[in-house]
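> This is what each chain is made of:
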Amino acid sequence: MKNQANPWLTSNLFVLGLGLLPAAILIGALLYFTAWAFAFSFTDLALVGRKSVEWSWVGLQNFERLFTRRGFLESLWTTVIFVFFSAIVGQSVLGFLLAALLRGTQSTIRSVVEVCIMLGWLLPDIVAAFLWSATTSQTGLINQLIIVPLGFPPINFINEYALPIVTIANIWKGTAWSYLLFSAALDSVSREVVEAAKVDGATPFQRIWLVQLPIIRPHIATNMLFITIWTFTYFPLIFAMTGGGPGGQTQVLAVFLYNQSFSRGNLGFGSAISVAMLIIVGLLSLVYLRMLREPK
Amino acid sequence: MLKKGFLTTVAAVSLMAAAAIPAKAEVSIMYIEAFGALIEGGIADFEAETGETVNAIKLPGQGYDQRIALDLAAGTAADVNLVDSFMVSELAAAGYLEPLGTLAAPWDQYQYYLPGLLEVASYQGEVYALPTDTDVRMLWYDLSNFEKAGIATPWQPKNWADILDAATKLKEAGVQYPFQLPAGIKQGEATTMQGFYMALLGADVPEGDRNRLLKRDTNQWIGDSPALRRVFDLYHQVYVEQELNPADLNYATDIGAAVRQALADDKLGILASGSWEDACLWDCNNPPSREDRDAQVAWTPFPGSGEPGTMAATNISGGWTLGINANAADKEMAFKLITTIFDEDNFKEWTLANHRMGVRTDISESAEYTADPFLAEATKLAAETTGRDTIPGYQTVSALVQQATSDLLDGASVDEVAQSYHDALVDEFGEENVITYE
Chain P
1 MKNQANPWLT SNLFVLGLGL LPAAILIGAL LYFTAWAFAF SFTDLALVGR
51 KSVEWSWVGL QNFERLFTRR GFLESLWTTV IFVFFSAIVG QSVLGFLLAA
101 LLRGTQSTIR SVVEVCIMLG WLLPDIVAAF LWSATTSQTG LINQLIIVPL
151 GFPPINFINE YALPIVTIAN IWKGTAWSYL LFSAALDSVS REVVEAAKVD
201 GATPFQRIWL VQLPIIRPHI ATNMLFITIW TFTYFPLIFA MTGGGPGGQT
251 QVLAVFLYNQ SFSRGNLGFG SAISVAMLII VGLLSLVYLR MLREPK
Chain F
1 MLKKGFLTTV AAVSLMAAAA IPAKAEVSIM YIEAFGALIE GGIADFEAET
51 GETVNAIKLP GQGYDQRIAL DLAAGTAADV NLVDSFMVSE LAAAGYLEPL
101 GTLAAPWDQY QYYLPGLLEV ASYQGEVYAL PTDTDVRMLW YDLSNFEKAG
151 IATPWQPKNW ADILDAATKL KEAGVQYPFQ LPAGIKQGEA TTMQGFYMAL
201 LGADVPEGDR NRLLKRDTNQ WIGDSPALRR VFDLYHQVYV EQELNPADLN
251 YATDIGAAVR QALADDKLGI LASGSWEDAC LWDCNNPPSR EDRDAQVAWT
301 PFPGSGEPGT MAATNISGGW TLGINANAAD KEMAFKLITT IFDEDNFKEW
351 TLANHRMGVR TDISESAEYT ADPFLAEATK LAAETTGRDT IPGYQTVSAL
401 VQQATSDLLD GASVDEVAQS YHDALVDEFG EENVITYE
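If you're matching them up, the sequences are chains P and F in order. Each residue of the first sequence is one higher than the one before, starting from 1 at the first, in our numbering. Each residue of the second sequence is one higher than the one before, starting from 1 at the first, in our numbering.
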C-alpha cells in the first residue's frame, strides 16, 4: 500500500521529533532509574547529612560488603526460601491443581471458588497484613477457633513461625494469578488431543503429565517468570506483617534493602543491594526464557 | 495549511499550559497523628486568621522518620514538617531545612524557648526548628500483674538484676509480655532511646563518655566498650537466654496499637518507654481520667546496671520539633503557621492536657503546669537527663544499634554482634572516627 501519510508531516522533522518525544521520555525514564541505581552503587551517597550532597566514589566497596558484612547473604537465603515455597511451590502448584480440578466441575462451584481465590488477590496488601496478623496472633482466630477449644495452650504463631506464616499469607494472596493463567492455558489444550490419549489407554495422571503439561509448558515458564520476579522483590505484605522480624527471620532482600537505604540512610549500599537483586532476577529470567523456547 | 496551523496551535497551547499551571497558594504541613490535637488546633486558628487553606498530611508514627527524610531528600516534602529532634542537625547539614533565625526574631514568644532545647534543634549555631515538647524515660508497669506476681508496689528496682528478677516472677505468673524492652529495626528510634540508650547510660561510669555511643569531646563514635557489651548482654538475657519476653510486639503490624492492646488485656508486665505514655498508653489525643490511669499503671525510674560507679537511675530526653522545608514556596506564611500552632493559648492547652513536658518558660512556669502532679514528678527526672548525640551521623548509628538488637534477637552471640557493630561503624565513618574502650 502506498504511504498515505500527510506529506507535510513526513517532511517536517520537528513534528516527527515531537511525536517521538513520549516514547523517548518513557525509555529515558526507565533507563535513568536503572542507571541511577547502578551509578550510585559505586558511591557512599547517604539519604541525609553531608554525604547526601558531598558523596564520593568508593569503587567496589559496597559490593564487597554484600559478602563480608552480616545481612545480605542471610536475607538472600530467606528470600530464596520465601520465593521457592510461596511462589514456586505454593502459588504455582496450588494454582495448577485448582485449575486442573475445577475444569470438569459445575460452573457454580467453579465461580464460588474463583471468587474466593480472587478476593485474596484483590485485597490491598496492608489490609491483608492486618488480617493475617490478627488471625495468627496469640489471641487470634486460629487460636480461638482451633487450638484453644482442642485443649492446647495458645500458640503465638507470628512470633514462633514467622517465615512459614508470611509464606502461607503470600500463597493465599497470590494463587489467583497462577490459577487464572493455568486455567486459560488448559482451556487452550484441544479436547481431541486429550481424548486421543484416553483412547490410547493413558491414565488420568498420564494425560496430565505426558499430554497437557508439555503442551502448556510455555505458559508454565511465563508464569514462573512473572511470579519469581515479583515475589523476589515483594515488599509490602512482609514489611507490614513483621517488618522483617522477629530479629531477621523474615528479612527478605526487599526489606533488607529498605532498612539499609532508609533506616540506616546508606543509599550507596542500598543501590548495591538493588543491583545485586537485578542481576539475580536477570539470571533467573534467562533460565525461564530458555524454558520458553520450543524444543528442537 | 489549516492542519499545520491547528497542529502548531495545539502544540503551543499544550506547552504553555504545562509551563503555566500556577503554583497554588496554600501551606502544607506533615505530622504524625500523635500530635494531631496540637497541630489541628493551630491549623484551625491559622485558617480563621489568614483565610488561607492548609493542606494537612497526617500520618501514622511508624516509618515516619524514613518518610520525612525521603520526602525532603526528593524535594516533595510539605512546607512545614514535624521532625523528630534527633534528625534536625542531619537534615540541616544536607540543606533541607530553612534556618529560622531571621524569621523568628520578630516573634514575641520566641524568647521563652529553653536554650538547651533550641540547641538540640540547631546546626552550626543556627536554629532550624522549634521544639513541640520534650520527654523523660522510665519503666511503666501494670499494677494488677505485679500483684498477681507477688511483687510489692510501688516497685523500686535498684539495678538490672531487680528488673530481670521481677520479669522472671511475672513470667512465672503467666504474664505474656513480662518485660517489653524495645528492640529491632521496626521500632526505629524507640529501640535506641527507650531501650538501648537508657540501659547504656547506666552500664558504665560516665567519665570519658564510657556510657555513651559517642565520645563527645572528640566526636568519635564508640565502636566497642564494656558498656555496649553489657547492654548487648541485657538484650540477650531478656530475649534469648532467659526468654523473658516474646519478640513479636516489636514487629507487630501496628506496634503502638499492639502495646496498647497488650496493656488493655493485662498481658504487659514492664514497659520501657517515656513520659508521653501517661496519655499514649490509652489515646495520645484523648486520655482517660487521672484516677483510671493511676489504678492501672505506675512508673519508676530506669535503674543503672548496678556496676560500681554507674548512675543509680538513667535518663535521656528527646522530643519533636517543627521546621520549614528549605524549598517552601512561601516561608513567611509557613512560619506564620508555626507561630499560630505555638501560640501560647493553643500550645499551653495541649501541653497540659497531654501531659507533655514544657519547652517554654511561659508554659512550664505557669501555675497550672507546676500544680500537675505527674508533670512535677517527671520534671524531677529531667534534672538529671541528657540528650542524644545529635551530630550528623547519629541516625545511621541509631539504625546500627537497632540492627544489633535485631541480630541479638536472632540468637547471635554478644561477641559476634559487638564485632559487626564495630565493623559497620568503621564502614560508615572511617577508622579514625571510631574508638574502642577496653
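No wet-lab data here; the hints were simulated from the structure. What you are looking at is a predicted structure, and each value in this text was computed from that prediction instead of being measured. Careful: at least some of the hints might be erroneous.
Unchecked claim - Calculated cross-link-like contacts (lysine to aspartate or glutamate; reagent style EDC-like; alpha-carbon spacing at most 20 angstroms): (1) Lys267(F) / Glu160(P); (2) Lys171(F) / Glu207(F); (3) Lys171(F) / Glu114(P); (4) Lys267(F) / Asp233(F); (5) Lys58(F) / Asp108(F); (6) Lys348(F) / Glu332(F).
Said to hold, decoys possible - Cβ-Cβ distance ranges computed for the label pairs, FRET-style: (7) Lys58(F) / Arg69(P): 31 to 41 angstroms; (8) Val127(P) / Thr50(F): 31 to 41 angstroms; (9) Ile147(P) / Ala329(F): 26 to 36 angstroms; (10) Asn12(P) / Ala74(F): 49 to 59 angstroms; (11) Ile391(F) / Val113(P): 25 to 35 angstroms; (12) Phe14(P) / Thr53(F): 20 to 30 angstroms; (13) Asp165(F) / Val93(P): 50 to 60 angstroms; (14) Val127(P) / Asp330(F): 33 to 43 angstroms; (15) Thr68(P) / Leu59(F): 49 to 59 angstroms.
Unchecked claim - Derived contacts from chain F toward chain P, CB cut-off under 10 angstroms, selection only: (16) Asp248; (17) Thr253; (18) Trp276; (19) Leu400; (20) Leu409; (21) Ser413; (22) Asp415.
C-beta atoms are modelled at their ideal positions from N, C-alpha and C, and glycine is treated no differently.
> For each hint given before, does the structure comply? Return the numbers of the non-compliant ones in rising order.
Numbers 2, 3, 4, 5, 6, 9, 10, 11, 12, 15, 18, 21 and 22, in rising order.
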